[in-house]
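Engineer: Sequence:
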Amino acid sequence: MTMTLPGFLAEVDTLVQPEIRAALDRIDERTRLTAGYQLGYWDADGQPTTRGGGKGLRPALVLLSARAAGKTAEDALPGAVAVELVHNFSLLHDDVIDGDAERRHRPTAWAAFGIGPAILAGDAMLSLAGDVLSAMPGHGGTWGLRYLNAAVRRLIAGQAADVAFEHRVTVTLDECLTMARDKTAALLSCSATLGAVVCGGPPALTLGLALYGDRLGLAFQLVDDLLGIWGEPAVTGKPVLADLVARKKSVPVVRALTAGGTASEQLQELYATPGELSTADLALAADLIEETGARDWTEKEADRLLTEALAELDRLTEVGASDGPEANALAEVHRELVEIARFMTGRDH
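Residue numbering for the sequence shown follows the numbering used here, beginning at 518 and increasing consecutively.
Everything labelled a hint here was simulated from the structure, so no lab data went into it.
Certain hints may be false.
[Claimed, not checked] Simulated crosslink set (DSSO-like; lysine-lysine; CA at most 30 Å straight-line):
no. : residue 1 : residue 2
1   : Lys765    : Lys817
2   : Lys817    : Lys572
3   : Lys765    : Lys572
Full structure from sequences and hints, please.
Structural biologist: Put into structure tokens, the structure is as follows:
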């Protein structure tokens, strides 16, 4: 990498954000206000703000996968825009479903505008993603749209499972991991591959990048689950012990609930207690999860998945994605893909 990761992400931002703003101009003023707020473009009154949106990791992966296929970042720019729109569609709906009133250190879109406007803004973003991809010349846009839509269907399945788990007493660890893989890893795997897909990259490359993205996506979700319990609110932008307040059945929670032993049984009793948990109960729940070994297991599993993701990159680079120029192209973006993976799994926010 010829620049730091923040510098690279800023460069991606410079490419992607004008295209997203142009896409938002296609929707009505009321919905655009909510969508732009979600993206950090302005406050709830429409006054411009210093951007407080996401980090742009998913569009960065799209552009890197295009370069891995021997094309330029600009060749896959519609894919990067579409992925970021889909990501924010999912966040808008997720915040409504979970009732989360704070994200990125300010009120969520539904808390600022209401549930209806937030849902509609998410719907609009999903629609715009399809428009942006389908407008690409040739077959790339059609292939990319089908690929992205498949990831969206998995994302919806994962979200549906997450909601269903709230009403179930027992959830297995395998069920929970499948939910996490669908809800989070599917879109990350798509992001790591979409640039190559729209640019007509060889199957060996797209498969390898998909595996890299899948392992990275699940590792990312495990880290997010850990932050949902032990993250610092000043850093994460979410309330303390947020996942335990909502009694989410995240991976460390389910690992603890199914671990067996006294601590696991006590946690089961807490999760079955009617009404809101007290501050003391929430702290106890976090301690019990740690006592079962679930925190340590989740951390090690995230590390194992990261190792698998990086090993897949190494394998692709060593054998070459093909006999053509793509082999050299992948070697050139290898470092960026490694640095993004390490950043995503080593984060505290």
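Engineer: Against which earlier hints does the structure fall short, listed by number upward?
Structural biologist: none
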